[in-house]
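A.B. asks: Okay, here's what each chain looks like letter by letter:
Protein chains: 2
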Amino acid sequence: MKKTAVCLSPELIHLFDLAGHTVVAVDILRATSTITTALAHGVAAIKPVADLEACRQLKQEGYLIAAERGGQKVAGFDLGNSPFSYMDEQLRGKKVALTTTNGTLTIERSRQADHLLIGAFLNISALADKIRQLDKDVIIHCAGWQGSVNLEDTLFAGALIAKLQDSFAPASDDALLAQALYEHHRQDIPGLVRLSSHAQRLAGHGIAKDIAFCLRQDEYQVVPHLENELLIK
Amino acid sequence: MKKTAVCLSPELIHLFDLAGHTVVAVDILRATSTITTALAHGVAAIKPVADLEACRQLKQEGYLIAAERGGQKVAGFDLGNSPFSYMDEQLRGKKVALTTTNGTLTIERSRQADHLLIGAFLNISALADKIRQLDKDVIIHCAGWQGSVNLEDTLFAGALIAKLQDSFAPASDDALLAQALYEHHRQDIPGLVRLSSHAQRLAGHGIAKDIAFCLRQDEYQVVPHLENELLIK
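Heads up: the protein sequence lines correspond to chains A and B, in order. Quick note on this note's numbering: the first sequence kicks off at 1 and runs consecutively. Quick note on this note's numbering: the second sequence kicks off at 1001 and runs consecutively.
Since the hints were made in silico from the structure, they are not lab data. Don't be surprised by glycine CBs; every beta carbon is placed ideally from N, CA and C. Take these hints with a grain of salt, some might be off.
Claimed, not checked - Here's a subset of chain A near chain B, in silico, CB distances under 8 Å, partners left out:
hint, residue
1, Ser9
2, Leu12
3, Leu15
4, Ala180
Unchecked claim - A short list of chain B residues far from chain A (calculated; beta carbon distances all over 12 Å):
hint, residue
5, His1041
6, Gln1072
7, Thr1101
8, Gln1217
Next up, chain A with everything else stripped away, as it sits in the complex:
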């Protein structure tokens, strides 16, 4: 059996050897949910960028530029980090450069992986199928919030472990922890996520609708993956 492990925060990723693994980057609220939504709705590619200035400069190379900090769109950018902004016919075929508070850093720190995939509840079953095809040990890399562990990403890790458990064993303590969180709360995922500190932060910005959407399962069949610095279908 192959193995699953969970890195609960980008601050712990140096403890993992990513080479030889499939790594799933996860930032449920909202970067990886939004990236999945964007590619599903026809965006051609997303270039994840860690900092604002580098993102802004990509405008000159023909990218639409998107930025979120602290849960809000940054002034002067074309787009923010809400999945609903990316359900737009006018974005079909376009390339977007995206920087977010936690999600793009998590992708950045996952680059040593053999295969870097983007995970969300929105694509969880297609993601699990892709992981089975690749047939390598998996590290689920949770974005957390500014270094801290968060509930919604850990919960997703547990849900993915449950989906994979016919052929992938949760072989580390962090995986068993994520699995217990999911098993304990699987009957009321929205109820648990409402308690999370990040959901409370976002609710302050009036985006409860985003949160509800990001918890929907299998809305899309798309599994974004990194190829030549770009996230594509």
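Given chain A, work out where chain B should sit, using these hints.
C.D. replies: Chain B in isolation, oriented as in the chain A frame:
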């Protein structure tokens, strides 16, 4: 209500502001279980030391010296890290300098706390009483294993949160995570801990008896705390 938070690994402790808080250092297998046992059996004081050489030199200052690395006693030291070694009449009134793989580093990195307490299943009820008396927000600082999150320390954090919940609220995502782990597995704590990677490492060293002992609740009423560089009753 006061609050509980959980730092799941010493690698994340820089994210917490320890000043103004009660911090509980936890390394169930075995440093904090052993420290509690030692003080309960009459050891006068334990000086936690992060590195082997500094520990060795304290021999000249009249300390007994104790060292563990990778689950085993280090050659040339008086004692290792098994609680059973400290149930010894000959240690009554003695001072011990102790260095372990994870536990003493965790204590070292908790020094900015207003009050630094040592927690274990062995003293969990007395510890909860002491925390209530101190009446400050609590950070439960888990030792983990070489930076990684582990099951037994997180489980203990959840158990302590449950014990405190009449007057302390789990107010952060890490606390809710620990609480879910505990609630999900409270009927079979030994069964869960058997799955933990550290228990499996220790079992390889033939110390299943230590593990069973470290999971016993309320064996002692002692709550070790740090005062002038020494852990005392």
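A.B. asks: Going through the earlier hints one by one, which of them does the structure break, listed in rising order?
C.D. replies: none
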